[in-house]
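Q: Chain residues, written in single-letter form:
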Amino acid sequence: MLTRRDTMAMGLGVAAVAMVPGAAIASAVDDAISAFTGGASVTDGGVTIDAPEIAENGNTVPIAIEAPGATEILLLAAGNPTPGVAKFGFGEGAATSRAATRIRLGGTQDVVAIAKMADGSFARGAVEVKVTIGGCGG
Amino acid sequence: MSDVRPRIRLPRSANAGDVIEVKTLISHNMETGLRRDGSGNEIPRQIINRFTCEYAGKLVLDVTMEPAISANPYMEFDVKVDESADFVFTWYDDDGSVYSETQSFEVS
Amino acid sequence: MKTMTKLWATAAICGAVLSSTAFADPHPDAELIIEGELHIATRAEPPEHLGGVFPEIYSGWLFRTDETRALQMDDFDNPGLLFAERGEDRWELAEGTANQSCADCHGDVESMAGVRAVMPKVNENGELWSLQNYINNCRTERMGADAWGWNSEPMKDVTSLISLQSRGMPVAVKIDGEAAEFWEKGREMYYTRFGQLELSCANCHEDNWGRMIRADHLSQGMSNGFPTYRLKNATIVPLHQRFRGCIRDTRGESFAEGAQEFRELELYVSSRGLGLPIEGISVRQ
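Each protein sequence line maps, in turn, to chains F, P and A.
Using our numbering, the letters of the first sequence correspond one by one to residues 1 to 138.
Using our numbering, the letters of the second sequence correspond one by one to residues 139 to 246.
Using our numbering, the letters of the third sequence correspond one by one to residues 247 to 531.
Keep in mind that a hint or two might mislead.
Claimed, not checked - Keeping only pairs whose Cα atoms sit at most 27 Å apart, straight-line, the calculated DSSO-like set for lysine-lysine is:
(1) P:Lys161 / P:Lys218
(2) P:Lys161 / P:Lys196
(3) P:Lys218 / P:Lys196
(4) F:Lys130 / P:Lys218
(5) P:Lys161 / F:Lys87
(6) A:Lys431 / A:Lys420
(7) P:Lys196 / F:Lys130
(8) F:Lys87 / F:Lys130
These are calculated hints, taken from the structure and not from any lab test.
Predicted model only: the values in this text are computed from it and were never measured.
With the rest of the complex left out, here is chain F (with noise of 0.2 Å):
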């Protein structure tokens, strides 16, 4: 059935969230991570998401990654359709491994952030953003 909150989360192009199986979205985010770091094990913390708690609107949301020492930073959003949101490349005139954007989430969700780090190694943190679906149109 579609319900009123599924046309809402297409109007803000990300569609159809609730149509793809929770088992299809767990491992399209594993397959992005796997693919990321190779199969390689990855830590938990050594990263940083600041993100709002609650998210006035899914289609606009300020994001903050930081993973100090980090070549690469990985950026998925676990409850989208398809969960790649950006790849983050810190080159040599990188001051820090941070960077700012925003970006869009088809409904309450965990952002994951795979941090690659100088060493090899790979490192994890996420945060869950509550995504206001409401409002009154424009």
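Fit chains P and A to the supplied structure of chain F, relying on the hints for placement.
A: Frame of chain F; chains P and A shown alone:
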């Protein structure tokens, strides 16, 4: 007139060796490819799929972007400025267009 | 912030449309300071004609989250400024059979300071015109160019640029004299129930501001922030488009952008914000 327009913000001044915050924005719809038009036809994906920044010939940031990046993509990051040099910002569009902006930055 | 977030979350869980228990205040202590320099008042004494329906009038900015409010406090973070920057190019662009640009007649765009603040305004033929009407009149009559659509990109760009010139100036619409009859009609419309849900503007924005509706925070419906960059649409939303959205949400048949009814409503709604400064280009959810 092109509707795609980059905006860059650098600090007014900095000393050699300072870490500065750089902000960039480019006007772009970031069409996800997941929407349909009024007649039910899929609207093809058209996004900025990559953004790079170089300073003094060195790579600062290279971002691969997916449709989950919001319209009018915004990027903020930190650069250590050891010398006066050029910033080169480049955005790559799905349609093959490349938008580039160069700005000189003076350190004292 | 934490307390407020929790309060909002609770209200959202209650989920009720216009629930009397889910009352959440705006952020009355927040101060809108743009670029650390320009103080924009977000609260004011209500105009007399409102007859005491509000203890104080509030900008819609006060009803938004910390993150959304912050976007309007920095001209780089505010994506609406992109539109104004494009508007600067359009201002200089000669077009039409007369090969004239806005700048050819009006000079620097700073000459537009105060224009947004008095819109909509009765023209020399006694018609009530919005800023868009004045722009299109210049295009068709002086430049020999095509009129722009109300919600078109070039119209958004140029109205954003012109509005920016009045930022910080108080709303100054004229509601007496020739404007009085239009204002009365707008006022009548404000209190008229529309749509299957039988809701008037006043039902939400006068009777229930500060409460939750559709998991969102109801403002007092002030128009001083328009044109606004809306995060949901990721573009500039003109006031008439917002009106359309409101009427659609009542499950009613809307008027078109630019319709006489909407220009009258624009005048009346603007007059409810007499005392608040123009914010355009604001940022909303």
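Q: If a hint holds in the structure, say so; if it doesn't, say that too.
A: Here is what the structure says about each hint:
{"no.": "1", "hint": "P:Lys161 / P:Lys218", "result": "holds (14 Å)"}
{"no.": "2", "hint": "P:Lys161 / P:Lys196", "result": "holds (18 Å)"}
{"no.": "3", "hint": "P:Lys218 / P:Lys196", "result": "holds (11 Å)"}
{"no.": "4", "hint": "F:Lys130 / P:Lys218", "result": "violated (35 Å)"}
{"no.": "5", "hint": "P:Lys161 / F:Lys87", "result": "holds (18 Å)"}
{"no.": "6", "hint": "A:Lys431 / A:Lys420", "result": "holds (14 Å)"}
{"no.": "7", "hint": "P:Lys196 / F:Lys130", "result": "violated (38 Å)"}
{"no.": "8", "hint": "F:Lys87 / F:Lys130", "result": "holds (23 Å)"}
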